[in-house]
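Student: Single-letter residue listing:
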Amino acid sequence: MHKLQTEVLVIGGGATGTGVVWDAALRGFKTILVERRDLTHGTTGRFHGLLHSGGRYAVKDPHGAEECIRENQILRKTHAHCIEDTSGFFVVTPEDEGDDYPEKFVAGCNAVGIPCSEIPVAEALRREPLLNPRISRVFEVPDGSADGFLAAHATVNAARVAGAQIMTYHEVDELIVEERSGERHVVGARVHNVVTGEHIVIYADIIVNAAGAWSGKLAAMAGAEVVILPSKGTMVAMNHRLVNTVINRCKMPSDGDILVPSHTVCIIGTTSVTVPNPEPLRIEPWEVQKMLDEGEKIVPGFSKARVLRAWAGVRPLFQETYTGGGRDVTRKLALLDHSQREGIKGFLTITGGKWTTFRLMAEATVDTICEHLGTQRPCTTATTPVPGAEQGNYWVGHRLHDVEEQRLQGDLICECELVTRTMLENAVQRNPALTLDDLRRDVRLGKGPCQGGFCTYRAVGILNEMESAGNWNHDMLDESADTMQWNAAHLQSPAHNLTRDVTAGNGKGHSAESPTVFNPNLLLRDFLQERWKGVTPVLWGRQLKQERLDELIYLSLMNIDHLPDDELASPVTDFYNFDTTPGPFEPEPKKVG
Amino acid sequence: MLDLVVIGAGLSGLMAAYTAAQSGLTVRVINKGLGSMHWGAGTVDVLGYAPDAPEKPVQHPFTALANLVVQYPDHPYGLLSSDEIRAGLASFVALTEEIGLPYRGSAESDQNLFLPSPAGAARPVYLAPEAQSAGDLSRSEPMLIVGFKGMRDFFPDLIVQNLAKQGHQARSAFLPLSLVTDRIDANTVHLAEALDDLERRTRLGHELKKLVKIGERIGLPAILGMNDHSVVIADLERLSGVPVFEIPTLPPSVPGIRLYKALRSRLLELGVRIEAGMEVVSAEMTARHNGTPGSIQSVISATSARPYKHRAHNYLLATGGILGGGFNSDHTGHVWETIFDLPLTVPQDRSMWFASGFLSPTGHPIFHGGVVVNDVFQPVDGGKLIFSNLWVAGNILANADPILERSLEGSAIVTGIAAGKAIANL
Numbered sequence: 001m002h003k004l005q006t007e008v009l010v011i012g013g014g015a016t017g018t019g020v021v022w023d024a025a026l027r028g029f030k031t032i033l034v035e036r037r038d039l040t041h042g043t044t045g046r047f048h049g050l051l052h053s054g055g056r057y058a059v060k061d062p063h064g065a066e067e068c069i070r071e072n073q074i075l076r077k078t079h080a081h082c083i084e085d086t087s088g089f090f091v092v093t094p095e096d097e098g099d100d101y102p103e104k105f106v107a108g109c110n111a112v113g114i115p116c117s118e119i120p121v122a123e124a125l126r127r128e129p130l131l132n133p134r135i136s137r138v139f140e141v142p143d144g145s146a147d148g149f150l151a152a153h154a155t156v157n158a159a160r161v162a163g164a165q166i167m168t169y170h171e172v173d174e175l176i177v178e179e180r181s182g183e184r185h186v187v188g189a190r191v192h193n194v195v196t197g198e199h200i201v202i203y204a205d206i207i208v209n210a211a212g213a214w215s216g217k218l219a220a221m222a223g224a225e226v227v228i229l230p231s232k233g234t235m236v237a238m239n240h241r242l243v244n245t246v247i248n249r250c251k252m253p254s255d256g257d258i259l260v261p262s263h264t265v266c267i268i269g270t271t272s273v274t275v276p277n278p279e280p281l282r283i284e285p286w287e288v289q290k291m292l293d294e295g296e297k298i299v300p301g302f303s304k305a306r307v308l309r310a311w312a313g314v315r316p317l318f319q320e321t322y323t324g325g326g327r328d329v330t331r332k333l334a335l336l337d338h339s340q341r342e343g344i345k346g347f348l349t350i351t352g353g354k355w356t357t358f359r360l361m362a363e364a365t366v367d368t369i370c371e372h373l374g375t376q377r378p379c380t381t382a383t384t385p386v387p388g389a390e391q392g393n394y395w396v397g398h399r400l401h402d403v404e405e406q407r408l409q410g411d412l413i414c415e416c417e418l419v420t421r422t423m424l425e426n427a428v429q430r431n432p433a434l435t436l437d438d439l440r441r442d443v444r445l446g447k448g449p450c451q452g453g454f455c456t457y458r459a460v461g462i463l464n465e466m467e468s469a470g471n472w473n474h475d476m477l478d479e480s481a482d483t484m485q486w487n488a489a490h491l492q493s494p495a496h497n498l499t500r501d502v503t504a505g506n507g508k509g510h511s512a513e514s515p516t517v518f519n520p521n522l523l524l525r526d527f528l529q530e531r532w533k534g535v536t537p538v539l540w541g542r543q544l545k546q547e548r549l550d551e552l553i554y555l556s557l558m559n560i561d562h563l564p565d566d567e568l569a570s571p572v573t574d575f576y577n578f579d580t581t582p583g584p585f586e587p588e589p590k591k592v593g
Numbered sequence: 001m002l003d004l005v006v007i008g009a010g011l012s013g014l015m016a017a018y019t020a021a022q023s024g025l026t027v028r029v030i031n032k033g034l035g036s037m038h039w040g041a042g043t044v045d046v047l048g049y050a051p052d053a054p055e056k057p058v059q060h061p062f063t064a065l066a067n068l069v070v071q072y073p074d075h076p077y078g079l080l081s082s083d084e085i086r087a088g089l090a091s092f093v094a095l096t097e098e099i100g101l102p103y104r105g106s107a108e109s110d111q112n113l114f115l116p117s118p119a120g121a122a123r124p125v126y127l128a129p130e131a132q133s134a135g136d137l138s139r140s141e142p143m144l145i146v147g148f149k150g151m152r153d154f155f156p157d158l159i160v161q162n163l164a165k166q167g168h169q170a171r172s173a174f175l176p177l178s179l180v181t182d183r184i185d186a187n188t189v190h191l192a193e194a195l196d197d198l199e200r201r202t203r204l205g206h207e208l209k210k211l212v213k214i215g216e217r218i219g220l221p222a223i224l225g226m227n228d229h230s231v232v233i234a235d236l237e238r239l240s241g242v243p244v245f246e247i248p249t250l251p252p253s254v255p256g257i258r259l260y261k262a263l264r265s266r267l268l269e270l271g272v273r274i275e276a277g278m279e280v281v282s283a284e285m286t287a288r289h290n291g292t293p294g295s296i297q298s299v300i301s302a303t304s305a306r307p308y309k310h311r312a313h314n315y316l317l318a319t320g321g322i323l324g325g326g327f328n329s330d331h332t333g334h335v336w337e338t339i340f341d342l343p344l345t346v347p348q349d350r351s352m353w354f355a356s357g358f359l360s361p362t363g364h365p366i367f368h369g370g371v372v373v374n375d376v377f378q379p380v381d382g383g384k385l386i387f388s389n390l391w392v393a394g395n396i397l398a399n400a401d402p403i404l405e406r407s408l409e410g411s412a413i414v415t416g417i418a419a420g421k422a423i424a425n426l
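Read top to bottom, the protein sequences are chains A and B.
Sequential numbering from 1 applies to the first sequence in our numbering.
Sequential numbering from 1 applies to the second sequence in our numbering.
Not one of these hints is a red herring.
To give a feel for the contact side, a few chain A residues facing chain B, derived at Cβ under 7 Å:
{"#": "1", "residue": "Gly-410"}
{"#": "2", "residue": "Ser-468"}
{"#": "3", "residue": "Pro-520"}
{"#": "4", "residue": "Ser-556"}
{"#": "5", "residue": "His-562"}
Here are the simulated lysine-lysine pairs, DSS-like style, with alpha carbons at most 30 Å apart:
{"#": "6", "chain 1": "B", "residue 1": "Lys-309", "chain 2": "A", "residue 2": "Lys-304"}
{"#": "7", "chain 1": "B", "residue 1": "Lys-32", "chain 2": "A", "residue 2": "Lys-545"}
{"#": "8", "chain 1": "A", "residue 1": "Lys-545", "chain 2": "B", "residue 2": "Lys-56"}
Covered stretches of chain B, as calculated for chain A (at least 3 residues, CB under 8 Å):
{"#": "9", "stretch": "27 to 41"}
{"#": "10", "stretch": "118 to 124"}
{"#": "11", "stretch": "403 to 416"}
Hints are computed from structural coordinates only; laboratory data are not their basis.
Owing to the predicted nature of the structure, the values given are computational and were not obtained by experimental measurement.
Heads up, the beta-carbon is just placed ideally off N, CA and C, and yes, glycines get one too.
Build the full structure now, drawing on both the sequences and the hints.
Tutor: Now the structure itself:
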């Protein structure tokens with residue numbers, strides 16, 4: 001059995017875990033991150049993409065608001081290329097009138113230093129012509145739109161450069177707990193590679209539980225108690241970028257009151273429903289209906305616009321004691337030192353929080369690690385931009401600009417999202433990719449209106465050619481950081497995503513020692529099913545017509561339902577196969593508490 | 001006043017227009033966009049997979065059809081006798097000969113051809129353009145599948161590997177795309193048009209000759225000429241010395257566009273006007289009343305300039321269901337026929353629209369529904385005629401999922417012809 005020794009082991013490849021591995025590596029700790037699937041497969045890959053200004057929490061949670069605005073200003077520097085500087089409006093719609101919330105909001109912003117200025121409604125409507133003309137007041141704050149996929153890769157990239165080792169598709173089977181002079185110590189973890197089945201033992205001086213909604217389950221392996229209240233939030237992506245500015249309703253935070261422009265689409269969310277398990281998540285018809293109804297209040301005609309996709313994520317809301325109810329449980333970060341809480345040494349849990357504060361959560365965590373390991377090493381993440389940040393913010397047209405500038409029209413694999421062949425090849429070379437879904441997170445493959453109709457076949461064809469030529473480096477699932485340069489942060493960036501650089505991998509290709517599940521037919525089936533999973537809750541109108549065209553292509557033309565190897569499955573096939581088709585309409589259940 | 005206005009320029013609409021015009025009717029075709037011909041393989045599928053045995057391809061389509069209509073009497077094929085279906089397909093074959101784009105079937109009657117798909121699966125097809133028929137997987141010559149480096153809609157390795165897994169002998173080879181085009185943004189249509197050029201196809205022919213071994217046949221993406229297709233194929237076969245065949249590509253479908261263009265020219269010769277870009281937005285009609293069917297007085301199309309009123313004695317709706325845009329739907333679960341609001345058998349409830357998997361062998365119920373017609377293809381509601389002068393044909397018909405069962409073109413052709421005949425026989 002393979003054994004590894006490290007100082008810090010981080011479990012979980014979401015924003016929190018990637019932040020911790022980055023911070024720990026920058027402070028010179030030998031660090032390993034394990035994630036059971038791809039980076040951002042959990043909640044980080046399923047959020048709005050809102051870079052909070054803090055405005056949302058200005059009234060209800062001033063401390064949280066203050067954290068947000070501080071981190072907002074830091075991330076704009078450290079992760080500039082993962083952020084679009086959209087700005088944000090808090091608007092008072094006719095539904096929101098009649099109380100003094102706007103005054104409290106302004107006072108709250110002022111109190112914690114969130115730049116906030118009221119702008120004339122006419123100016124807001126000039127900037128956002130689709131906005132409800134009946135809004136009465138508009139406040140502008142420095143909200144932004146963030147690409148959580150890119151940010152995780154950029155963060156991890158920075159960690160790798162600093163020596164960290166990232167092991168995706170490695171699942172923790174067991175935490176190793178030893179008794180030492182009457183005290184319990186967590187000394188390591190038994191993990192297995194979900195692709196190859198290989199078992200690995202990782203010994204670590206300290207283990208960080210950053211498993212998000214799954215952190216209760218992980219803590220239990222150490223005999224610790226972490227109560228997470230998984231709160232499902234459903235989001236709906238519209239096919240068009242109906243607004244260019246983040247739009248918030250100026251009222252107490254509630255369901256469906258944020259509309260975030262994200263690349264070529266916009267995303268409305270969310271609901272807030274306590275669920276027994278973080279996975280799998282069904283999207284109920286009332287949730288979709290509610291998002292459309294709420295969207296209508298921000299942008300009249302919203303519910304008639306073409307809907308692209310729906311998904312749900314779970315907020316890992318931490319609670320000390322059960323109080324019931326979802327949105328009122330704290331969203332503050334929770335750093336749990338289990339040596340203090342339960343006398344379990346060498347084990348920390350970091351949970352709660354929000355994407356905007358992931359760096360701060362990591363800082364607090366690694367500060368505590370320093371204490372435990374008896375060393376003083378200052379945090380430098382706030383002043384150390386990750387590689388790629390020098391390119392500055394992305395903007396909605398950056399890909400189109402590059403395609404036109406460099407005349408890459410013939411190289412487009414995904415016309416919806418303007419993914420070029422080179423971007424795809426680079427992504428495969430530079431990131432461990434098991435499925436096309438992993439590449440979707442890297443380069444936005446299949447995220448557009450046709451939801452994989454054209455690019456699925458093309459991507460599979462290209463990957464198959466790379467595989468035949470030995471250019472798809474599967475060994476990267478077992479990579480060690482020092483053998484290659486990581487450049488994932490550049491995948492979506494204006495300057496670097498179009499340069500052909502397929503020699504960056506170690507070139508070993510597929511070897512007999514690294515059994516893989518590479519099979520083009522499986523890739524095709526898995527990705528089409530994965531895309532189907534997210535469209536079925538919102539499949540009607542033009543999107544339904546699009547889906548039928550995809551059937552014409554994949555059934556009538558390709559006959560992929562009668563390809564060989566139909567018995568093959570990947571470690572995520574079952575996840576994709578979860579039934580997301582709408583059930584009968586039932587009204588929203590009443591909230592507890 | 002016209003005898004017939006056909007709404008929709010897919011295969012069913014054009015075949016209906018052709019049939020009616022040949023019988024001497026004055027016909028106009030108006031269409032919003034293009035039919036599924038432009039997106040598919042350009043072949044004619046009659047029945048590839050029977051609904052009760054979706055995993056096994058149909059070998060003998062007419063035998064299977066006979067069973068199908070016994071099992072599912074409401075199936076659109078059930079509106080026609082086996083002889084009518086055969087005759088319809090035969091007249092389509094004759095028409096393709098006439099327009100210089102001959103379609104071929106298996107040498108044996110009542111036998112599906114099996115042709116390689118762009119993914120390397122075996123497609124059960126009843127008729128194929130001559131250029132695809134040499135890909136017949138029952139033939140023994142090994143295949144050399146040739147692609148173009150950088151072409152994004154065709155992947156020879158994928159085809160070859162999957163064909164090999166199914167026991168077919170095939171290998172792949174690549175040529176530079178610059179052999180065919182200088183464009184940086186070439187799609188399949190551009191490539192096909194480029195090969196209409198004598199010099200380019202001659203160069204290609206010489207390169208193929210260098211690649212091929214004696215006894216092989218060459219499979220290429222379906223880009224072998226647009227307007228001079230048959231000459232391009234002949235030249236490539238002569239220069240390479242072996243049979244050459246096309247494998248369909250991702251859309252746009254060059255074989256489909258060739259068929260559309262050829263049918264369109266023939267219709268123009270017959271005096272049928274085809275008015276593209278005209279979406280029908282409303283209709284003047286009277287509803288069924290006191291046991292008397294309603295009737296259509298006109299359909300009104302939107303153009304960039306002004307609304308346009310089309311009047312005819314008869315109207316044929318061939319707008320192609322959900323795929324063609326003949327049906328629309330919304331988030332409340334409502335599905336409707338967009339012009340005449342004809343009753344549909346589609347469940348008006350989103351929770352009943354889909355099976356759980358994209359590739360569910362049962363298909364999705366929403367795509368199985370459509371317009372119910374009587375035996376002369378006139379829409380009925382509870383058995384009662386809705387409009388005295390409205391007919392429907394093609395993918396809009398209820399009780400079949402033509403994409404799932406691979407009957408899309410066959411069903412469009414035979415129902416289009418049958419509806420055209422019914423109108424001509426009035």
